[in-house]
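A.B. asks: Order-wise, the sequence lines are chains F and P.
Start counting the first sequence at 681; every next residue gets the next number (our numbering).
Start counting the second sequence at 47; every next residue gets the next number (our numbering).
In short, the hints are calculated from the structure, not lab data.
The hints are all genuine.
Under the rule of at most 20 Å between Cα atoms (straight-line distance), these lysine to any residue pairs were calculated in the SDA-like manner:
(1) P:LYS466 to F:THR707
(2) P:LYS466 to F:VAL709
(3) P:LYS466 to F:LEU712
(4) P:LYS466 to F:GLU717
(5) P:LYS515 to P:THR286
(6) F:LYS721 to F:ALA683
(7) P:LYS515 to F:HIS735
(8) P:LYS371 to P:ALA391
(9) P:LYS371 to F:LEU752
(10) P:LYS371 to F:ALA761
(11) P:LYS371 to F:ASP699
(12) P:LYS515 to F:PRO738
(13) P:LYS371 to F:VAL764
(14) P:LYS515 to F:LEU737
(15) P:LYS466 to F:SER718
(16) F:LYS721 to P:LEU418
(17) F:LYS721 to P:ARG439
(18) P:LYS515 to F:LEU739
(19) P:LYS515 to P:PRO294
None of the values given here were measured: they were computed from a predicted structure.
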Amino acid sequence: MPALSRDDVAHLAGLARIDLSDAELDTMVGELGVILESVAKVQEVAADEVPPMSHPLPLANVTRPDEVRPSLTAEQALAGAPAVEEQRFSVPRILAED
Amino acid sequence: MNDITRHSAAELSHALATGELSAVEVTTAHLERIAEVDGEVHAFLHVDGEGALAAARRVDEQRAAGEELHVLAGVPIAVKDVLATRGLPTTCGSRILQGWVPPYDATVVARLRAAGLPVLGKTNMDEFAMGSSTEHSAYGPTRNPWDLDRIPGGSGGGSSAAVAAFEAPLAIGTDTGGSIRPPAAVTGTVGVKPTYGGVSRYGLVALASSLDQAGPCTRSVLDAALLHSVIGGHDPMDSTSIDAPVPPVVEAARRADVQGLRVGVVRELGGEGYQAGVRQRFEEAVDLLVGAGAEVVEVSCPHFDYALAAYYLILPSEASSNLAKFDAMRYGLRVLPAGVDEPSAEQVMAATRDAGFGDEVKRRIILGTYALSSGYYDAYYGQAQKVRTLIARDFEQAFQQVDVLVSPTAPTTAFRLGDKLDDPMSMYLQDVATIPANLAGVPGMSLPTGVTDEDGLPAGIQVLAPAMKDDRLYGVGAALERLLLEKWGAPLLAHAPVLTAKGA
Chain F
681 MPALSRDDVA HLAGLARIDL SDAELDTMVG ELGVILESVA KVQEVAADEV PPMSHPLPLA
741 NVTRPDEVRP SLTAEQALAG APAVEEQRFS VPRILAED
Chain P
47 MNDITRHSAA ELSHALATGE LSAVEVTTAH LERIAEVDGE VHAFLHVDGE GALAAARRVD
107 EQRAAGEELH VLAGVPIAVK DVLATRGLPT TCGSRILQGW VPPYDATVVA RLRAAGLPVL
167 GKTNMDEFAM GSSTEHSAYG PTRNPWDLDR IPGGSGGGSS AAVAAFEAPL AIGTDTGGSI
227 RPPAAVTGTV GVKPTYGGVS RYGLVALASS LDQAGPCTRS VLDAALLHSV IGGHDPMDST
287 SIDAPVPPVV EAARRADVQG LRVGVVRELG GEGYQAGVRQ RFEEAVDLLV GAGAEVVEVS
347 CPHFDYALAA YYLILPSEAS SNLAKFDAMR YGLRVLPAGV DEPSAEQVMA ATRDAGFGDE
407 VKRRIILGTY ALSSGYYDAY YGQAQKVRTL IARDFEQAFQ QVDVLVSPTA PTTAFRLGDK
467 LDDPMSMYLQ DVATIPANLA GVPGMSLPTG VTDEDGLPAG IQVLAPAMKD DRLYGVGAAL
527 ERLLLEKWGA PLLAHAPVLT AKGA
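I would like the entire structure built from these sequences, with the hints used as guidance.
C.D. replies: As structure tokens, this is what we get:
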């Protein structure tokens with residue numbers, strides 16, 4: 681397994697939408713390296729024929745009747761929002777200028 | 047009753063039913079205890095005295111009116127800050143949710159309220175339940191009532207410490223890899239992770255959805271059973287909730303019988319890396335079970351050696367996806383990036399997540415992002431899922447030979463605050479014995495085995511049972527608890543240092 685570089689971590693942080701500082705990147709490269717080396721232990725297990733397990737319960741397509749039931753009011757739903765306008769979540773621009 | 051806070055929930059329930067105590071008296075006593083010692087312990091992030099007293103008054107009125115009440119009505123409880131509480135702040139120990147007040151109750155909380163348990167407040171935790179010491183809380187660590195310089199376990203150190211410090215007779219914890227059980231072990235209390243799907247996850251802020259499970263934190267096995275039966279059972283609001291009755295946990299705790307029970311000691315959990323005193327107390331506890339008529343054999347679960355590695359791929363993967371909802375748009379913190387005119391939503395999100403998340407959360411989100419990246423998916427996340435299957439198969443085979451499995455709960459007693467903060471892998475190892483149960487979805491309990499000779503701090507034994515056989519945990523736990531009580535002459539916590547307003 682190739683070791684993670686500082687650029688790799690910066691790229692992952694970008695994908696995860698976390699604006700890490702230079703100092704954070706420096707620390708994280710080393711720590712992630714140690715953790716990855718340790719978790720790579722799963723690769724020692726011969727498991728080619730073993731099915732993957734995503735969940736403890738054998739559940740599939742749990743549904744409920746499509747009935748109207750009480751829900752939050754718009755006011756309640758917006759109560760924790762950082763910014764609200766015209767009874768809607770107010771968000772920063774989502775498109776680039778150019 | 048002289049000191050109300052020293053009593054178990056079962057004793058308080060009896061005193062309430064006979065009219066010896068009122069719910070207001072019981073709640074007031076615990077609020078006073080919190081005011082007295084929580085400055086030192088810091089188990090609570092938020093105390094709701096007014097709300098708790100109002101709920102207690104309601105119970106007293108209902109009782110006076112002759113209404114039929116739940117057995118725990120009027121017994122107060124503390125709730126881990128990862129469960130949504132309508133009208134009460136819910137931060138998950140994170141800066142990103144500072145001041146957030148949910149508009150709804152988690153199903154667990156709704157059931158507590160419906161049964162008449164006054165909610166004293168919200169307990170401290172590692173941020174989004176990521177950690178094994180409660181030191182990763184954005185609001186400062188909780189301290190272990192046995193030694194205020196030591197950790198109370200994590201992530202639910204607030205709940206375990208609140209119960210150990212007699213600030214609450216009952217608390218709710220959540221356990222993703224051990225956040226209920228090791229905290230119970232290092233504080234000398236009882237903690238149960240029910241079968242996955244046994245307790246609703248609706249309103250539980252998800253860390254890893256396939257592993258998370260809420261459960262009881264108490265000072266006795268019977269109290270845990272009483273609480274388990276309040277919060278357990280099917281919930282249509284959680285699609286992973288099991289549609290079956292709650293196993294007969296209270297009956298099992300009252301029966302406390304291990305005669306003829308087959309107990310398997312897990313060979314892979316307990317050797318190298320486990321503190322001598324922890325092992326010694328564990329072996330003595332197993333001997334007590336033998337004396338009470340249990341048949342003890344050694345059982346091997348070879349893939350448990352890979353559980354920690356599989357867990358630290360599966361958990362970060364699920365967490366990185368679950369925590370994507372903290373986007374600074376609908377609730378929680380919003381931080382604008384410095385020096386950017388008219389920032390985009392993406393830039394605001396990245397600046398907010400950098401400011402709002404702590405180091406451990408960032409570490410795990412980035413680790414999960416990596417494990418799920420194309421090109422690495424098969425080698426990491428995919429392989430971890432296969433190992434998970436092998437661990438579940440190890441449990442299946444073990445439970446063909448024995449009724450329950452046992453091991454020490456945590457490899458060591460409580461370590462000092464700060465000791466493992468700079469070494470994430472060493473912190474992760476605290477959950478090495480508890481993680482397999484979460485991966486397979488089986489239930490587990492930790493209860494105290496005594497204090498070790500070398501440091502005088504509590505150690506615990508873990509009991510594991512097949513899925514939906516939670517009652518077996520309570521049968522074994524209650525039997526062992528009774529035998530240990532006979533040996534000690536008083537509950538273990540009677541030996542904990544006395545906390546005062548100025549500290550121990």
